[in-house]
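Novice: Sequence:
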Amino acid sequence: MTLVIVVVMSFAFTSLNLMLSRAWVEDDLRKRALTFAREIAATIGDREFESGTVLRRQIAQIMAVRQNVLQLDILAFALGATTVVASSDATPRLPFDRRDAAQVGRGHVLSRLVSDEPGRYWEVMAPITLDGAVVGAVAAKFSLDEADALAAGARRWALVLATCSAVLMGLCMGVAVHVIVTRPLGAILGAVARVKEGDRDATVRVAAGDEIGILAGHFNEMMARVNQFSRELETRVQTATAELDRRYSEVRRLNEQLLAMQKSLVQSERLALVGRMMAEVAHEVGTPLHSVAGHLELLRRDLPAHAVSADAARRLAIVDAQVARVIEIIAELLDVTRRVPAERGRVDVNRLVAETSDLLRPAFDGAGVTLDITLGPGWPHVNGHAGQLQQVVLNLLTNALDAAPRGGRVSVTTRVAAHSREVVMDVSDTGAGIPAAERKEIFEAFFSTKQPGRGTGLGLFISSQIVREHGGRIDVESGEGAGSIFSVWLPAAPETA
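Just so you know, the sequence shown maps onto residues 3 to 499 in our numbering.
It is worth saying that the hints were derived from the structure and are not from the lab. Just so you know, not all the hints are guaranteed correct.
Said to hold, decoys possible - Derived DEER-like restraints, expressed as beta-carbon distance ranges:
hint : residue 1 : residue 2 : range
1    : PHE231    : ALA195    : 18 to 28 Å
2    : ALA242    : THR372    : 54 to 64 Å
3    : ASP150    : GLY172    : 29 to 39 Å
4    : GLY200    : THR241    : 22 to 32 Å
5    : ARG255    : LEU235    : 27 to 37 Å
6    : GLY409    : ALA315    : 27 to 37 Å
7    : GLU446    : ALA319    : 32 to 42 Å
8    : VAL294    : ARG255    : 49 to 59 Å
9    : ALA438    : GLY378    : 21 to 31 Å
Every residue, glycine too, gets a C-beta built ideally from N, C-alpha and C.
Sequences are here, hints too, so could you generate the full structure?
Specialist: Shown next as structure tokens:
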């Protein structure tokens with residue numbers, strides 16, 4: 003738009019200049035024509051004015067020299083009439099009327115611009131003065147064709163130069179606008195686009211000191227403030243998020259503690275009820291059961307071996323085993339409800355596992371299950387009660403023996419976890435595994451995956467309580483058809499010098 007305005011203004015000023023130049027040229031030609039007429043009039047004396055032949059000869063000479071003079075007439079004023087004394091062309095007469103002659107007679111010089119079909123020309127009329135009186139006039143007709151041709155050529159060249167200057171100006175302005183405006187604005191728009199795409203470090207490199215350079219500087223300052231604000235906001239958000247996570251973790255920990263306390267309270271109430279029931283059972287049933295067991299043993303001794311049939315001996319063994327089982331169940335329930343804290347000491351986990359394995363190895367051999375023991379090196383010692391920890395090992399090995407099929411394998415390994423300084427005992431079997439739905443309940447009291455009559459559901463419950471009382475935990479990994487791995491984690495005792 004600016005370029006169009008500049009081009010229009012350039013052509014307007016060029017046209018105005020041409021118009022003024024034409025006016026100046028026409029005025030200059032008019033003045034020259036008047037001067038020419040006056041000079042001709044001044045050269046005419048009495049003798050020349052009276053002799054038409056002399057005037058015609060002078061007019062012929064003048065017309066030969068001055069090509070732009072189209073017609074030259076010498077007029078005489080006499081008795082109010084105007085007569086032609088001499089003329090370059092007698093046929094037409096210049097159109098000066100009596101009014102014009104009267105003005106010239108008063109000493110005035112006349113001029114008028116005439117435009118007709120042949121062209122344009124000046125008509126001038128100057129007085130001839132003899133002895134102080136106007137006796138005639140010189141009438142001349144000056145052609146403007148040559149001046150018009152020069153003016154047309156000048157106009158064409160002016161238009162060509164104006165066009166070239168406009169084009170050159172447009173190119174210069176285009177380059178200047180590109181360098182000064184377009185390219186810096188493009189850099190600013192590019193930076194804005196990068197900011198829109200997420201580049202917060204986008205800046206504008208504009209070294210100019212004009213308004214665009216100031217705008218680029220303000221943009222860079224704005225981006226610096228935005229980045230600083232974003233960093234502060236991110237820091238505050240991270241701080242708030244960390245605080246929220248901390249509080250959420252604290253709330254979750256408190257909820258877990260609350261649930262554990264509620265569960266422990268329910269379990270304690272349940273165990274208290276079981277304890278009271280077991281105390282009554284132990285008092286009401288324990289003594290008769292022990293009496294039955296004693297009399298059964300006396301009966302076996304009193305009866306001679308040859309008097310007891312094989313079927314009767316088998317039945318007596320069944321009665322003896324079932325009475326012993328009832329007494330064992332009552333004893334386990336009483337142990338759960340009234341376990342007395344024992345004095346703790348330094349326990350060698352490797353030795354504990356080896357001794358317990360030796361006790362159960364006949365049972366493993368009788369069931370056709372292989373028992374592998376791998377004791378880790380180092381110092382697998384813990385602070386605790388050896389008897390309670392042996393009960394944990396005994397329960398885990400018994401469960402693994404019951405889970406493993408004939409021809410299966412049970413493995414026990416011990417190790418020291420270097421990263422956490424804990425003693426770890428892994429008991430794995432090649433049994434059928436534990437379904438995922440049951441893995442969450444196997445440590446609950448009275449829950450058992452064994453066949454009815456083969457378990458009380460207290461072994462893992464008692465073991466988990468013993469391990470927790472020693473500051474450890476029991477983990478289980480199992481899958482259907484892939485066996486199970488029970489891992490006992492206990493805090494390692496410090497090394498001794």
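Novice: Run every hint past the structure and note whether it holds.
Specialist: For each hint, the structure was consulted:
no. : hint                         : in the structure
1   : PHE231 to ALA195: 18 to 28 Å : holds (21 Å)
2   : ALA242 to THR372: 54 to 64 Å : holds (58 Å)
3   : ASP150 to GLY172: 29 to 39 Å : holds (32 Å)
4   : GLY200 to THR241: 22 to 32 Å : holds (23 Å)
5   : ARG255 to LEU235: 27 to 37 Å : holds (30 Å)
6   : GLY409 to ALA315: 27 to 37 Å : holds (31 Å)
7   : GLU446 to ALA319: 32 to 42 Å : holds (34 Å)
8   : VAL294 to ARG255: 49 to 59 Å : holds (52 Å)
9   : ALA438 to GLY378: 21 to 31 Å : holds (30 Å)
Hint violations for this structure: none, all hints satisfied.
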